[in-house]
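**Q** If you want the building blocks of each chain, they are given just below.
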Amino acid sequence: DAKTTQPTSMDCAEGRAANLPCNHSTISGNEYVYWYRQIHSQGPQYIIHGLKNNETNEMASLIITEDRKSSTLILPHATLRDTAVYYCIVRVENKIIFGKGTRLHILP
Amino acid sequence: DTGVSQDPRHKITKRGQNVTFRCDPISEHNRLYWYRQTLGQGPEFLTYFQNEAQLEKSRLLSDRFSAERPKGSFSTLEIQRTEQGDSAMYLCASSTVDTQYFGPGTRLTVL
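In the order they appear, the protein sequences are chains C and Z. Everything in the first sequence is counted per my numbering, starting at 6 for the first residue and increasing by one. Everything in the second sequence is counted per my numbering, starting at 1131 for the first residue and increasing by one.
Please note that a few of the clues may not be correct.
What the hints assert, rightly or not - Mimicking DSS-like on lysine-lysine, the simulated pairs with C-alpha atoms at most 25 Å apart in a straight line are:
#1 K57/C to K100/C
#2 K8/C to K1187/Z
#3 K1141/Z to K1187/Z
#4 K100/C to K74/C
#5 K1201/Z to K100/C
#6 K74/C to K57/C
#7 K57/C to K8/C
#8 K1187/Z to K100/C
#9 K1187/Z to K105/C
Read the hints as simulated data drawn from the structure, not as lab findings.
Whole structure, please, built from the sequences with the hints as guidance.
**A** Structure representation (structure tokens):
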């Protein structure tokens, strides 16, 4: 079973920041939090990952709470192309266990 | 484009036929993974190779399924005697140590 829980769906206005929450209360000390997204009928796309420090790249920022039991993915200026299913994952050894993710709708 | 390619992108077959899919990973990646995704669900892990060795197989991988990676580069996934329940997207991913990069998938429809 997936070790994360996410809201089923979220809406965000175009141009605003999209904040996607994830709970991973059973995460172990050496397990990373990964985020992927999947646009309809495409393969999952890697976004970002982190262990305990906040991370930022050209796509997004990842904020991990100090106790590591939850995290937030931030898309700073959402566009219509960001409409997708976003998966928060705690990587378990060599395989990724996906949950159902959050379906993010960007509203024009 | 992540650099992981899959062929074919779409396959329609009749129940009982055998099908084979190919995955070409990113060239320097020694790890290769297969996943299956059905409608409305997240991808499910099937199997994992490190170089040519198949190191882990999911219980989802019934004896009708076989995967190979003969020279540690490309991989094939074969399904024998296909059933309608095999209809899904079959995804391949590759990695070095950690981050997995996914291909576009092969969509299989079994009639």
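**Q** All hints, please: hold or fail.
**A** Results of checking the hints against the structure:
For the suggested pair K57/C and K100/C, the alpha carbons sit about 20 Å apart, so the restraint of at most 25 Å is met. A hinted pair counts as satisfied when its Cα atoms are at most 25 Å apart, and K8/C with K1187/Z qualifies at roughly 20 Å. A distance of roughly 24 Å separates the Cα atoms of K1141/Z and K1187/Z; the hinted pair therefore holds under the 25 Å criterion. A distance of roughly 20 Å separates the Cα atoms of K100/C and K74/C; the hinted pair therefore holds under the 25 Å criterion.
Pair hint K1201/Z plus K100/C holds up; C-alpha atoms about 22 Å apart against a cutoff of 25 Å. About 10 Å separates the Cα atoms of K74/C and K57/C, which keeps this hinted pair within 25 Å; it holds. Under the criterion of a C-alpha separation no larger than 25 Å, the hint pairing K57/C with K8/C is consistent with the structure, at around 17 Å. Between K1187/Z and K100/C the CA atoms are separated by roughly 10 Å; this keeps the pair inside 25 Å, and the hint holds.
Pair hint K1187/Z plus K105/C holds up; C-alpha atoms about 22 Å apart against a cutoff of 25 Å.
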